Amino acid sequence: MRSILRTLPLVLASVCAPLWAAPEGYLRISDQQRNELRGAVEGHRAARRDEVQREDAAAGRRLTAAERLELREQLRRQWRESSAALHSAESQPAERMVPVPVADALPTRPAARSQRP
Numbered sequence: 081m082r083s084i085l086r087t088l089p090l091v092l093a094s095v096c097a098p099l100w101a102a103p104e105g106y107l108r109i110s111d112q113q114r115n116e117l118r119g120a121v122e123g124h125r126a127a128r129r130d131e132v133q134r135e136d137a138a139a140g141r142r143l144t145a146a147e148r149l150e151l152r153e154q155l156r157r158q159w160r161e162s163s164a165a166l167h168s169a170e171s172q173p174a175e176r177m178v179p180v181p182v183a184d185a186l187p188t189r190p191a192a193r194s195q196r197p
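Reading the sequence shown from the start, the letters are residues 81 to 197 in our numbering.
Source of the hints: derived by calculation from the structure; they are not laboratory data. As the structure is a prediction and not an experimental result, all values here were calculated from the model. Warning: the hint list may mix true and false statements.
Simulated restraints on C-beta separations [stated by the list, open to error]:
no., residue 1, residue 2, range
1, E131, W159, 32 to 38 Å
2, R141, L166, 33 to 39 Å
3, G140, R114, 36 to 42 Å
Built from N, CA and C at the ideal position, the CB exists for glycine as well.
Construct the complete structure from the given sequences, taking the supplied hints into account.
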C-alpha cells in the first residue's frame with residue numbers, strides 16, 4: 081500500500097506532463113484557427129447584412145413598431161365592426177323581416193315625352 085502511495089504522485093506527474101506542455105502549442109494553433117473562424121463569421125455576417133438590405137430594398141421599407149401597433153388596432157376595430165354588423169343582421173328572426181315588393185325594388189324610369197301630360 082505504501083508503495084502505491086509513493087508511486088502515485090510519479091504516475092500522475094508523468095500523465096499530466098504532456099498536458100502542461102500542450103497549452104503553448106495549443107494556443108498557437110488555436111490563435112490561427114480563432115483568426116480564421118473570426119474571419120469566416122465576419123464574412124457570413126456581412127453577407128447576411130447585404131442580403132437583408134437587398135430584401136428591404138426589394139420589398140420596400142419595413143414597418144416600425146409603432147406602425148405595426150397602429151395597423152393591429154385598425155384591424156381589430158374593423159373586425160369588431162364587421163362582426164357586430166353580421167351579428168345584428170343574424171339576430172333578426174325571419175318572421176320579423178319584411179320582404180320588399182318586387183315593384184318597389186325596381187328603379188322607376190321616367191315616362192316618354194309622348195306619354196307625359
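Right, here's what the structure says about each hint:
no.: 1; hint: E131 - W159: 32 to 38 Å; in the structure: holds (35 Å)
no.: 2; hint: R141 - L166: 33 to 39 Å; in the structure: holds (35 Å)
no.: 3; hint: G140 - R114: 36 to 42 Å; in the structure: holds (40 Å)
Figure legend: structure checked against the earlier numbered hints; every hint is met.
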